[in-house]
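Visitor: Sequence:
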Amino acid sequence: MFGHNNAATSVLHKSVSRRRGLHSCVCLRRHYVEYNKSNKEKDGEHCHTKNSASNRRTSRWDNSARSPVENKFQKIEKKTASSSGWSKPPPSLLKDNNDELTIPNYEVRNTASPKKIDFSALKSFIKSGQELAHVNRSEVESPKQDHEPKIERLSVESNTSTENAVDLTKLIGIIKTKKKHFDIEQPNFNLDRPNKDILAGIKNKSEISKKLQYRDPSKVWEKETGNYNELKSFFKQLPKRAKISGRVMNDPVRVGDLVTFGTESLRLYIVADTPKSFDSRVATFLSDKGEIVFSSFSNISYRIPSAIPERYMETIQNFVNKEQKYLDYPPVGIPDSNFTRSTKSLPFELQNESESETTTEMEGEVSEYDSNDLVISQASSQLLTNSDVQTYIIPNAARALYHNALTEISNAAFRQVHDTNRKLEELHRILQNDETGEINAPRSISIFEILAKLNAKSEPSFSSGKACLGILPHQSVDYDSTSFPAADYLSVLFALKKQSRLWTIQRDKASFSPTKVIIWPLAQISHEDQVVKDLRRKGLEQVAKYCADKLIGKSNREHLPLYNAVVSMLKEYVNGKFENDPMVSTTIISLLRRIDKLLANAGQTTPDDMYKYEYSFGKAYDLLTRLNEDVNVNPFKWSAENNLPGEETSVKADLQESYFKYFDKVYELPEKDDIAQRTLARNLYQEDPLGDKRIDMKEVPIYCIDDPTAHEIDDGISIYEENDKYVISIHIAEPSSYIRPDSIVSSIAYGKSSTTYLPEAVFPMLPQIVSKLAGLGSDSVETRTFVVQYRLSKKDIDGYIGEKLKNSLYTPDNMFLGKIKQDIYDSSDVKFALVKRFRQGFTYEAVNKLLQDGLKVDNYREKSVSGDADFDNLIKLQYISSILWGIRESNSAYTSGQNKKLTVGPNKNFISSKIIDEGSYKLRLPNSDQVIETSPESTKNISIQLVTENMIIANHLTAKFATDKGIKILYRTLDPKFNTELSQEYKELVQNGGIDIDQEKLINLYAFLTRGVISDKPDKHFMMGLNMYTNISSPLRRFIDMVNQWQFQDYFLGRTTISDESIGGIVSRLNARNDIVRGLQRQSVTFWQLLFLKIFNEQNNGNLAEKLGLKLSLRSNPKKGMTVAANLETFSSVNAHVEVSQDLLEDVASGDLVVGGLLNNSKLHLKKIDVIENQLVFEYR
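So the mapping is simple: the numbering used here equals the position in the sequence shown, first residue as 1, plus 103.
A couple of the hints might just be wrong.
Now the in silico label distances, taken between C-beta atoms and shown as ranges [said to hold, decoys possible]:
1. D652 <-> K1270: 47 to 55 Å
2. D973 <-> Y788: 30 to 38 Å
3. R1114 <-> Y415: 46 to 54 Å
4. I778 <-> N667: 34 to 42 Å
5. N667 <-> R1114: 36 to 44 Å
6. N558 <-> K339: 19 to 27 Å
7. E528 <-> S693: 22 to 30 Å
8. I542 <-> E1209: 41 to 49 Å
9. P1009 <-> L783: 30 to 38 Å
10. Y788 <-> E1164: 20 to 28 Å
11. D522 <-> A703: 13 to 21 Å
12. K339 <-> E1249: 53 to 61 Å
13. D973 <-> H1268: 51 to 59 Å
14. Q955 <-> V865: 42 to 50 Å
Straight line, CA to CA, 30 Å or less: simulated DSBU-like cross-link-like pairs of lysine-lysine [unchecked claim]:
15. K339 <-> K447
16. K1270 <-> K700
17. K1068 <-> K922
18. K379 <-> K1080
19. K1003 <-> K700
20. K1003 <-> K715
21. K715 <-> K612
22. K715 <-> K1210
23. K934 <-> K1214
The set of hints was computed from the structure by calculation and includes no laboratory data.
Where a beta carbon is used, it is the ideal one built from N, C-alpha and C, also for glycine.
Whenever a hint applies, use it, and build me the whole structure from the sequences.
Guide: What follows is the structure, given as structure tokens:
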């Protein structure tokens, strides 16, 4: 099952880099079998001296405090210095090995005893495999060497360390008997017998092994699998039935998915099991060849979700069986990533002699090693013989079920690559014009749109050529709902990667498989080819000298024409465009090297190399910064995918921005000509479409609680009494009552999908005038609002507030929470209103201050009124929000207790760097008036909870209203689909930790969460603790909210402006664009955090950790890798690591440092920081 021919060695050597992170034991097992086979073939060729029968184990071996592994390793280390080779402790010293090979009689008590192995040493051995392999190779290269001196040297060395030595009395006896042949690894194996007898014995043992370890387990498994024949039929049809669609790509990885590891291979693996704890990142995968692979989800390259139906999940999990060990027979299976041990894992004869307990090592980072080192394979296999380490196998019958199906899908995909490659080239030419008629503009496109066009029966048509600034919502096409054969998807991905000049595949971390690509215009590709061609002639030297002169300060009288083109390519290089394009990448790296050399020749010192790689994207960014007069800018704004105006990356984005400015100017013209009037009529309703539906709420005070720097005010809250009820209304701005869904403004906003918030800039979704027209907060100005309303019993709320004011620890019971929840559902309604009484000055900080006014609180506690109407309204809303949180919390909702706020903006009065408070920092950028400021923003404060809980209930009740009334809206869903173990752990986590969950546990939890997505069907939002959810509360900055408002308009007015059929296409487009916006925002925050740390380090002579007071804690055990991941408070987006040093290991061993504990800043010294690659590495010394 695990065997491979010798030719695989070279292939494995080439692919070892792609195996990083995969569980080491797959390769160990493969090579052990191969090595064992080769040894058996050579049994009759090598001559040794025979040992007389001595079957006892030495007392020294039995009583040694060290494991056999450690003994072996120490000998190896000593022998490395000498010219002699290395050999393992003879297995015969550990067990009986009779010449007669028969099936073991388990009724007879065997003298062997279970191995006690230190598997930390085994893991260390794996990491030290290179040195050991070198020693082993020296032996193999000298097979004719006299063996007797080698034995004598081994004996001498054993005497130098009696504590670890193996008793070699039997070997000495063998030598004295002057027997002609013996095997140093099996002294009891009689090689003086005739070859015929030896061969028969080997065959007999081999047949026993096959029966016990392969055939018998397979028969038992097949017999116990009740749906075996059904599975057999299913897998036979799987190559034709395996489909994929865009809609399932957002599903979490589950048992039954098919995946590949590495983009250079289409070999498929089945997901057989998922992690059972948030502390684990390791899942179980099954290869088509019967290998078991323990690996992290992060190593997945391509994925076919739900290829195997859910009804077969339990059977798929049972494909992996615990192996029953047999006395003196090396196991054929592999251990799990934890090297789990138990008494039941021993051979039957040894179980009674072992203590009846189970121990498990803590899981950490998977060891990496050279999978071609046969020494490691041999050692691992021998050590597991008779050990209590649990090993796992795939029964042959199970492998036979799926082997052909997986290989057939892979082969079908590979056979299609040539034809797919040709079709993609043709499609690329057709797609030069986008749906708006624009040509020569890079843009993002769904892979499922590509599949649809490739599989279209008719030839894809060119665009009509009619140019516009964006497509309208009702013109959307739903490509994600169509299912395509899995082989087609894999074939397209493989071909797209080969055509890296035409397309750039966008990695999707959430779906673990690509879902979109950037299509590059032929004109740009041709231009870049010409630039590279010019550089490879004489241009490279010219550009390098021009850049070097500019950095040195020499005046360049004549501008170099090639310079601007090279700068543009460097910007794309920084954003990873040429990562899979060796021609362009090598040219750019050659340019960087030449510039470095010219600067060095001129006596210019280059900054210390602290990049992730020698010529990483970060080095190119630093060059661009120096050429920009050392002014730092956010490099991710340069990406064509992000489509931002003003960055010279998109002509369309610049035109859209110009149109918004024109629209703002036209609206405010005192006198409007025909063109201005047509512009307004084309975009805006002439009158309020819901004018006769609105209720009058102009006298109700509304509180718009927000940050004083908020760009759009789109929500507010009100409360008043009516018939012994409190009427709570959430007022939402209603731009949909101004903007037509078929307008140019709507099409531009649709393309943006949302406002983009970066630390240094905001790119609004709508023109400024729309925020002025529809925004809330202007007192005495009649404003249209979308209202979500519910009513609560005054008696219930007043009673609850009274109890809380008497005892702040008071917690209502589930019956009370259930009654409030039902009252909300029974009374909830959606309305349209006119309002104008907006209370002023109620920012988050102002509300917190008001509600913490001790005198007012005392008055309200005693009299139920404080004398301040605003205080009375807000304290009621405060405690109602706490009830709303209690309802969600009872459904295992979770909310983070603290967000990090990072801004970059001008501040001429601030000079250098300053630590304001714990977790709050300011730093001025060099050669700029821009200041980076980072600070914690607690979500536990009163005002934030007041607003947040009411917005959440408004979104939830809107989804419920739409579902009850049959209104086709867009929903927001998030369902990680945890298995039973993870679900239980999550509940315990949120119940015990509340909103103060430890950061380490929080990071582990987030690694398992899928992203929230837009859907056209109601489904639960796991983190919200709600069975359905939508977005309605922020229409000035989210297009999904706009669509939902238009759908409610159509329902109340009995009309259709956006058809139900176009909703699916809107879902696909918004999800795709939202991914891009989220990615840009996340990358930008990470960049500014790293830049802050880099500049602060430079300003403080390299003493970053101590001067800044960093809080760095280990995320895992440092014994299992060259570096160990670390959590970095305040700068949580940064990928921080600490190099594993002897000092670090000693501090962990002594207990001075534990996982999750803070590291000593005085011992942390910055080694690497890469602001583009997101890497921060400290030395610990």
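Visitor: Taking the earlier hints as the rules, which of them does this structure contradict?
Guide: Numbers 1, 3, 8, 11, 14, 15, 19, 23, in rising order.
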